[in-house]
Amino acid sequence: MNMILPSSVSATPNGTTRPQVRIVIVGHVDHGKSTLVGRLLHETGSLPEGKLEMLKAVSARRGMPFEWSFLLDALQTERDQGITIDTTQIRFRTRSRDVVLIDAPGHAEFLRNMITGASQADGAVLIIDALEGVRDQTRRHGYLLHLLGIKQVAIVVNKMDRVDFSADRFKAISDEISAHLIGLGVTPSAVIPISARDGDGVAERTPRISWYQGPCVVEALDALEPARPLEQLALRLPVQAIYKFDDRRIVAGRIESGHLSAGDEIVIMPAGKIAKIKTVESWPVTPLHGSHSAGRSVGITLDRELFIERGDVIAHAGATPRDTRRIRARIFWLHDKPLAKGDQVLVRLGTRESRAQVVAIEKAVDPGELSNAETTSIARNHVGEIDLSLAQPVAADPYQDNPRTGRLVIEVNGRIAGGGLVLSVEAGQRAVPIDIVPVESALRPEERSARYRHNGAVIWLTGLPGSGKSTLARALERRLFSRGGSPILLDGDTLRAGLNNDLGFSPQDRSENIRRLAEVATHLARNGHVAIVAAVSPAIADRAAARRIADAAFREIHVAAPAEVCESRDPKGHYAKARAGTLPSFTGITNDYQPPLECELKLDTSTRTVADATDAIERMLAETGVLFDELVDLAANI
Amino acid sequence: MHLLNSESGGAGPQPTALTEASTVPKIFGGQPLPPPSILAEGRLPPPSMDHLDELEAQSIYILREAFARLKKLALLWSLGKDSNVMIWLARKAFFGRVPFPALHVDTGKKFPEMYAFRDRFGKEWELDLKVEPCPPIDAVDPTLPPAARSAARKTEGLKWALTKYGFDGLIAGIRRDEEATRAKERVFSPRGIEGGWDVRDQPPEFWDHFNASPPQGAHLRIHPILHWTEADIWAYTKRENIPIIPLYLSKDGKRYRSLGDQDITNPVASTASSIDEILIELDATKVPERAGRALDHETEDAFERLRVAGYL
Ligand SMILES: Nc1nc2c(ncn2[C@@H]2O[C@H](COP(=O)(O)OP(=O)(O)OP(=O)(O)O)[C@@H](O)[C@H]2O)c(=O)[nH]1
Ligand SMILES: [Mg+2]
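Protein chains in written order, with this note's numbering: chain A, -2 to 635; chain B, 30 to 341.
Hint data in this document are derived by calculation from the structure and do not stem from the laboratory.
From the three backbone atoms N, C-alpha and C, an ideal C-beta is built for every residue, glycine too.
Keep in mind that the hints are not guaranteed to be accurate.
Only part of the chain A face toward chain B is listed, based on derived beta-carbon distances under 10 Å [what the hints assert, rightly or not]:
1. 84
2. 128
3. 226
Here are the simulated DSSO-like cross-link-like pairs (lysine-lysine), alpha carbons at most 30 Å apart as the crow flies [to be verified]:
4. B:152 with A:241
5. B:315 with B:138
6. B:121 with A:275
7. B:100 with A:241
8. A:599 with B:315
9. B:138 with A:241
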């Protein structure tokens, strides 16, 4: 039977109305995944012109009989070694739909690539060699399908030609794998005996498998449903970015679940601020009306100015995600170094990233062997349950409530190292303050800038201890005050004496110190003052976080004197103490200061006078719109 | 009967699997995660987005991720149908304005129609257009077959531009359905310091979380339309009314399906003189899209070698 439609009959040449389903082929190494894909393409008449001849030539060149797997195993090393290394995708059509077939490697070495492929699938075909039977990668892939949330699985028992098409052998394997999957909560939709190499059971039931009554592979694929966007669930819009390309301030992101319209009352999590959606922006036509639902990439404007940043999640009032710093997750681990209790990692949840610590490892299992491994760490290609403590609050849902937002990724050294499902979140002590409405100032920003002849700003002086930050900050404060402005000095050390006296000098505490400085400074800037922050702030990431908080008001100045000069100045005697070993976490002699790659201004205080440097800052502030030079400008402003 | 499906009972022996489930060693104390409640709720109403809407939304998501996570981006504008769609998507993602340069690595051997298109729409779309030349052919690996060697000039031009501007991300309009090694690409694809592609060690990428931290001095390729097909490109071009170079439409029984350098690109036999006709033709054809690109066919590994060295 031929499931492929003669193409001339296709009513929709543009392919826009046919459903598309993505199916991944998984299973143990060499059990015939790539061969099945090649054969499926052939049986359904989907191979492009010249492909068959090309495969023949490629096989012959390697002295091999015809190899279907070479269709997908396109890399030279894959062909030379006869093994799939990386996942790939190819398309064909059945009577009812467009199928994207995702071929995955079976070798344990390339499990990360199998996950990359399988994570994109709506359904899966798990393939088992009839002679070899269920192997460790068969079980591991089965388990990972479950963790990846793939519920539709068809089983294929391949290489039936190698067991003389034995119905008994087929039944034994079928029973074993079905039981295994059902134990994982997955019921296979079909179990099919085939020979991928010869074509039996692929597009039709051949006489050699006459004892089998179920569907052939093409029919089984036709029964798998495309995943649907989660329109029925509560609204979740993780914020990707805030754009201010023109006078609109657009909050951009993709709706992961639910829907939204202009006029909706929303809550911005995890902070719990409330606002109303003013408009839904688009291009070329804008604004858009009506309801926008899961799957759309949108841009919205809000009815009030409030601080919102990448990583926040927009939800409807009364149906918000939880605000938490503690998450329990079931994860798979792909990194060479096992994940251990106490490890510092980076967690990505939606568009939020947060540093995190693994505070507990509850379970660790090798899903290939079904043996409980040691529970102090999770080895590569194993799975486990862990508790994470996050450095900053995040908005999270358990996977049970929302399969899109209830999953996370773990990064180590800038590379994805694992991922999994959020089992539960522990809401913090703090009740969700969804009824906090920031009280707005009685004065409009323009009223203040008219008086001060400047806009609100955060001037951030970063540099080594002794580089001259405080000296410059004080000179600038005097200069701005003399011209009628309202500068306010926030010195890192001064704030540590009070507001921040609960913080030490660990990287985590330093970040929190910077965050608080940035929040206070930003509040002042929003109210029209010029906040001058003088803080070593050694970490690029921390300063980037400060810039995100202060946003367009941020002006970073690198106070850059050579290290020897700073040490010789040593105004507070810190270098001397550090050299003597009595000041352990002192930035300066430990080389952990990260200079800015880009900043608004860089000043070398070893070669210029204080007055000269202050002039340069003043010029920069005028050029970047903080200071008004002319009274004429002012008139236009009133 | 091995349809393990509740509706399929009746004919044939019942699957034994269901009754034997309890003998299987259970992972995590035999507690598989119950499916999310939404999935258990049965049928959902028809989706409110069509196929092109879905493709568009995904591409916009990718472009916005790239813009949020990288410092210095450029979009590679080859002037062809794919990169024009990509520019259109970028304008959608960023509300009309492409907030990074459009880089045309110019071999100097494009069709005159292509240069005319570039000059006109670079202005009309208000692009920050950067045209970068390629080195002379003598500077390129002489062991490559002729067409591949000619194409490799473009890789060299790309490397020059990368060094000149210090981009950490290049947005490129390649698609999986074009060619078998492209089908193995990631959406965010890390490159080595020399611009090379390590196909044996690509990082995992799933659930739309991307690896966006290139090592110092290296860059990332970002592929926002990797999941589109040739037919998708045309259907979208038509729906959005995106301008195209007329060489794609049939003239004297021939048209170009893919546009490269004049000397190594050939037209295919075709009578399709409108996008609608192209779509009908694509639906029936079995000729691969890049059949007219000489460099794909010289040796088995010519294209892979080019790509590993940094070609698109
Ligand atoms: N006899 C027989 N051999 C088969 C059949 N299907 C595949 N093979 C052979 O099994 C070998 C492995 O096939 P592949 O398709 O490369 O296996 P794979 O599962 O894709 O392997 P990896 O991707 O490397 O995990 C090849 O030599 C195939 O020719 C079959 O039905 N019968
Ligand atoms: Mg394979």
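Okay, the hints, checked on the actual structure:
Look at residue 84 of chain A: its Cβ gets to within about 7 Å of chain B, closer than 10 Å, so that hint holds up. For residue 128 of chain A, the interface hint is violated, since its Cβ never comes within 10 Å of a Cβ in chain B; the closest pair sits about 19 Å apart. Because the smallest distance between the Cβ of residue 226 of chain A and any Cβ of chain B comes to about 6 Å, under 10 Å, the interface hint for this residue holds. A distance of roughly 22 Å separates the Cα atoms of residue 152 of chain B and residue 241 of chain A; the hinted pair therefore holds under the 30 Å criterion.
Restraint check for residue 315 of chain B and residue 138 of chain B: satisfied, since their Cα atoms lie roughly 29 Å apart, inside the 30 Å limit. Distance hint between residue 121 of chain B and residue 275 of chain A is fulfilled; the C-alpha atoms sit about 19 Å from each other, no more than 30 Å. Using a Cα cut-off of 30 Å, the hinted pair residue 100 of chain B and residue 241 of chain A holds, with the two alpha carbons roughly 17 Å apart. Restraint check: the Cα-Cα separation between residue 599 of chain A and residue 315 of chain B comes to about 60 Å, which exceeds 30 Å; the hinted pair is violated.
A C-alpha spacing of about 39 Å is found between residue 138 of chain B and residue 241 of chain A, which places the hinted pair above 30 Å, so the restraint is violated.
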